[in-house]
Amino acid sequence: MTTTTGGRPRPVARSRRMPSLERLSFMAVFLGLPLAIFLVFVIYPFGQALYFAMTDWNGFSPSYNFIGLDNFTKLFHDDTFMKSLGNNIQLAIVVPLVTIVLALAIATMVTVGGPTKGNIRGIRGSGFYRIVSFFPYTVPAIVIGLIWAQVYDPSAGLLNATLTKIGLSGFEDFAWLGDPRTAMPASMFVIIWSFVGFYTVLFVAAIKGIPAEIYEAARMDGAGRFRTAISVTLPLVRDNVQTAYIYLGITALDAFVYMQALNPNGGPDNTTRTMSQELFNTAFRKGQFGYATAMGVVLAVVTLLFAAIVFAANRFTGGGERRLRR
Amino acid sequence: MSAVAADESVDTETRNDRTGGDLAVEATSHVLLAIWTLIVIVPFLWVVLSSFKTTKEILASPFSLPAHWSFDNYVHAWTDAGIRQFFLNTVIVVGVALVLVMLLGAMCAYVLARFQFPGARVIYYLMLAGLTFPIFLAIVPLFFVLKNVGLLNTLPGLIMVYVAFALPFTVFFLYAFFKSLPDDVYEAALMDGAGDWRTFFQIMLPMARPGMATVAIFNFLGLWNQFLLPVALNTDMSKYVLTQGMAEFASQAGYAVDFGALFAAVVITVVPVLIVFLIFQRRLEGSVSQGTFR
Numbered sequence: 000m001t002t003t004t005g006g007r008p009r010p011v012a013r014s015r016r017m018p019s020l021e022r023l024s025f026m027a028v029f030l031g032l033p034l035a036i037f038l039v040f041v042i043y044p045f046g047q048a049l050y051f052a053m054t055d056w057n058g059f060s061p062s063y064n065f066i067g068l069d070n071f072t073k074l075f076h077d078d079t080f081m082k083s084l085g086n087n088i089q090l091a092i093v094v095p096l097v098t099i100v101l102a103l104a105i106a107t108m109v110t111v112g113g114p115t116k117g118n119i120r121g122i123r124g125s126g127f128y129r130i131v132s133f134f135p136y137t138v139p140a141i142v143i144g145l146i147w148a149q150v151y152d153p154s155a156g157l158l159n160a161t162l163t164k165i166g167l168s169g170f171e172d173f174a175w176l177g178d179p180r181t182a183m184p185a186s187m188f189v190i191i192w193s194f195v196g197f198y199t200v201l202f203v204a205a206i207k208g209i210p211a212e213i214y215e216a217a218r219m220d221g222a223g224r225f226r227t228a229i230s231v232t233l234p235l236v237r238d239n240v241q242t243a244y245i246y247l248g249i250t251a252l253d254a255f256v257y258m259q260a261l262n263p264n265g266g267p268d269n270t271t272r273t274m275s276q277e278l279f280n281t282a283f284r285k286g287q288f289g290y291a292t293a294m295g296v297v298l299a300v301v302t303l304l305f306a307a308i309v310f311a312a313n314r315f316t317g318g319g320e321r322r323l324r325r
Numbered sequence: 000m001s002a003v004a005a006d007e008s009v010d011t012e013t014r015n016d017r018t019g020g021d022l023a024v025e026a027t028s029h030v031l032l033a034i035w036t037l038i039v040i041v042p043f044l045w046v047v048l049s050s051f052k053t054t055k056e057i058l059a060s061p062f063s064l065p066a067h068w069s070f071d072n073y074v075h076a077w078t079d080a081g082i083r084q085f086f087l088n089t090v091i092v093v094g095v096a097l098v099l100v101m102l103l104g105a106m107c108a109y110v111l112a113r114f115q116f117p118g119a120r121v122i123y124y125l126m127l128a129g130l131t132f133p134i135f136l137a138i139v140p141l142f143f144v145l146k147n148v149g150l151l152n153t154l155p156g157l158i159m160v161y162v163a164f165a166l167p168f169t170v171f172f173l174y175a176f177f178k179s180l181p182d183d184v185y186e187a188a189l190m191d192g193a194g195d196w197r198t199f200f201q202i203m204l205p206m207a208r209p210g211m212a213t214v215a216i217f218n219f220l221g222l223w224n225q226f227l228l229p230v231a232l233n234t235d236m237s238k239y240v241l242t243q244g245m246a247e248f249a250s251q252a253g254y255a256v257d258f259g260a261l262f263a264a265v266v267i268t269v270v271p272v273l274i275v276f277l278i279f280q281r282r283l284e285g286s287v288s289q290g291t292f293r
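Protein chains in written order, with numbering that gives the first Met the number 0: chain A, 0 to 325; chain B, 0 to 293.
Hints in this document: simulated from the structure, not taken from any laboratory.
Below, in silico cross-link-like pairs of lysine-lysine (DSS-like), each with a Cα-Cα straight-line distance of 25 angstroms or less:
1) B/K238 - A/K285
2) B/K55 - A/K164
3) A/K285 - A/K82
Just chain A, same shape as in the assembly (with noise of 0.2 angstroms):
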């Protein structure tokens, strides 16, 4: 397939007569339907939250009143909301994280991992690891949390009965999503063990891209896996691993569909209460959508900020453009 291949003029769109009535219609339907939509359904909604979230809107009452930032002040001095942005924090550091150094690693070891002579491969049989780990990227969010809720299932449950086979004891009833110092880490791997498969196909498609001349050179400098793994090939995805984890991030700051699979009610001592959970309730169960909303610009803002310091950190430390580090 090919790709944008850019800067070929298109003839006769660039002339400059009158566009004729035939061409007219056929732009208003075609740009008009679409756009109406999208505007009607997407940046209108947006614009308006904007508004909603300065505003004491309950609900019930049809009218509401005009109250400048005291949501956003009220926010701040709302535990709750306050621990449950710590909580989108924490996943927002972990998740990439952890995905993406799994997701390369398999990557690696599919790719180049091979043998140290002969052409420059990953080891045998990649295809089958790769294609298995991908699977989890299809399934509903929703689905998979139901099954790992299941699986962490205290009495009943895989997890428990596994490590109870091996011979470990203490986790006969142990309930990993009701404790509070597991219930967060156990959320947290069930994100990254949907995520894997998808980072490492990406991965691999990245590590494919590069030279094979320059792993034979790093091969006859001396270097061993994993220094080639650390001074070739990372800093030759650099970029990919930067859209991977802006990507992550955004996944992990929002993070609703598996929290509510695998803790609806925040969890214990609400340990894995999300901002997305709790902008949820308030607008939905409680009626408060003022400042629901509000919570909406504070995951937005947040959601941005993230992805400004992602990209700062990848240029800080010399990325964004393609070079070998010496």
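We have chain A already, so just place chain B on it with the hints.
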């Protein structure tokens, strides 16, 4: 410039050259990868196994085989628990939304990619905003937009929202695709007197088929798996989609405990995506590789 060799090729010449270290590394790699594969596969297999067991058997032992292999749980989940209705709703909503978003997305992307007009840049940035901002920011106002136009808790309303939120991704990918199509065919069509409409539907759209297929698969998965939008905007139980139904089912099951049917429902939900995955696995992987999802 030769890229790294294909991973599955076994180079017979060098086979005998494997050093002890190579073998050790290869063995370790296989063990690690096999462990990960097990962690991925075993929960799914366990769900399939459990879906044939009675709730009593499930609670008694996670590993035991069912005394009778029967489809009772499936029948129960499909009819009594309402999965049939949810499945039907999902097929309608996802099917119609998919056709609409592909058509509208292709139209919009085509115009943006091949015509120059004032405001094109503004549209581009609006689409980018639609991709960037979290849906959570829009969800409350969206609820009232639907309520005001009378589409709240209706399948057409859900379809419109699905189309609207899948549009930016569709337009971005197809934009690049339409730009890359050769100009000479387009010119030839115009020379032959075909108008804009005919050129699009008879010449350009068929040429874009590979791109359309890829985007359609990703949209299918995204819409089939969508959770937040239906949960917030479609609260009438008779109109639930599968993902909602599953969540509802599980929250009931906490006390009513029909785990057998729950596991069966999970299998029913996963099978369609498993089929899509197995048929299109190469294309999916290929398009991830080309950076489609950016």
